[in-house]
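The whole structure should be built from the sequences, with the hints applied where relevant.
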Amino acid sequence: MDIRHLRYFVTVADHGSITRAAEELGMEQPPLSQQIKQLEQKLGVALFERQTRGVKLTEIGATLLPRARTILDLQAQFLVTAHGLARGELGHIRLGLAGAVPLLPLIPLAIRRFRESAPDVTLSLEESNTPALCAALHDHSTDLAIIRPPVPDPTRLSVFHLLDEPTVIALPRGHRLAHHPVISLDMVAKDPLIIFPRELGPGFHDAILSAYQLAGVTPPMGQQAPQIAGTVPLVAAGLGVSVVPRSLSQIHAGGVTFHTLSEPAPRATLAVAIRSGQNMPLVSRFVKILRTACRKWENMSLEDQVPAADV
-18 MDIRHLRYFV
-8 TVADHGSITR
2 AAEELGMEQP
12 PLSQQIKQLE
22 QKLGVALFER
32 QTRGVKLTEI
42 GATLLPRART
52 ILDLQAQFLV
62 TAHGLARGEL
72 GHIRLGLAGA
82 VPLLPLIPLA
92 IRRFRESAPD
102 VTLSLEESNT
112 PALCAALHDH
122 STDLAIIRPP
132 VPDPTRLSVF
142 HLLDEPTVIA
152 LPRGHRLAHH
162 PVISLDMVAK
172 DPLIIFPREL
182 GPGFHDAILS
192 AYQLAGVTPP
202 MGQQAPQIAG
212 TVPLVAAGLG
222 VSVVPRSLSQ
232 IHAGGVTFHT
242 LSEPAPRATL
252 AVAIRSGQNM
262 PLVSRFVKIL
272 RTACRKWENM
282 SLEDQVPAAD
292 V
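For the sequence shown, counting from 1, position 123 maps to 104 in this note's numbering; every step adds exactly one.
Hints are computed from structural coordinates only; laboratory data are not their basis.
All values reported here derive from a predicted model rather than from experimental measurement.
Keep in mind that the hints are not guaranteed to be accurate.
Stated by the list, open to error - Restraint ranges, calculated between C-beta atoms of paired labels, are given here: (1) 272 x -3: 54 to 64 Å; (2) 119 x 8: 45 to 55 Å; (3) 30 x 98: 51 to 61 Å.
Virtual Cβ for every residue (Gly too), placed ideally from N, Cα, C.
Structure follows, in structure tokens:
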């Protein structure tokens, strides 16, 4: 049965006349009458009683009419949803965020920009580490993730560079260098370095140690933090110093001061990862907005980047 038959049936029932229904449908009366007869033959029931002036629903026709309307309504909803999904205006997107990423001002602002452009889209967020987020992409429990490269399995993911965030050094309050606005790594060569486990973010972990190496120093290793943002409370406890993304300086942890690092200073690189070959308009829409926001952010002056600027 063609769904057109249901539309013909409902239109004739609404008008009580095949002639008037044909006018609304933009067709001739004889073909419409033939289509109604074909529908009745396929169903094996009479839908209308033919009268001198128009038609009248049979008892069976009256019973089937609301069901026909429901099917047509569902078809209309199906088409609206399909078109919305194709345009990236409807659906659900699952976004993964690597450690401390939400603290970078442009990330929540990019999310807000996406929500404003697609208000009917449901967005869920999950914060984790880069390897776990890549695994979530592989098993389809996450649609895209903002990660700290490199990724464990680059052949199965498409990774797009977003930005290289400057880093700062976190010192416990009362540290001998607390009044220095700019600090070099050789100045803290004897201070225990608080760092997160390498498996949580090998790229950033290695960048920090490489910067120390370029500065010609090997710091004593302090206590490991459970995550990147977890280094700040350990610094506040006086257990050492830590090199962190500059966005972490927004954490109002008592007992910590943040200072600009002179070169060589590592960068906290961010990228967005999606499954290779993925074709989701919603994901493409979000990635486009995110990459645009990152380009604008990198072109800002340091003063405009912190505090948050509306990108």
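Here is what the structure says about each hint:
Separation of residue 272 from residue -3 is about 58 Å and conforms to the stated range, judged on CB atoms against 54 to 64 Å. The hinted range of 45 to 55 Å is satisfied by residue 119 and residue 8, whose Cβ atoms lie roughly 53 Å apart. The beta-carbon spacing between residue 30 and residue 98, approximately 53 Å, falls within the hinted interval of 51 to 61 Å.
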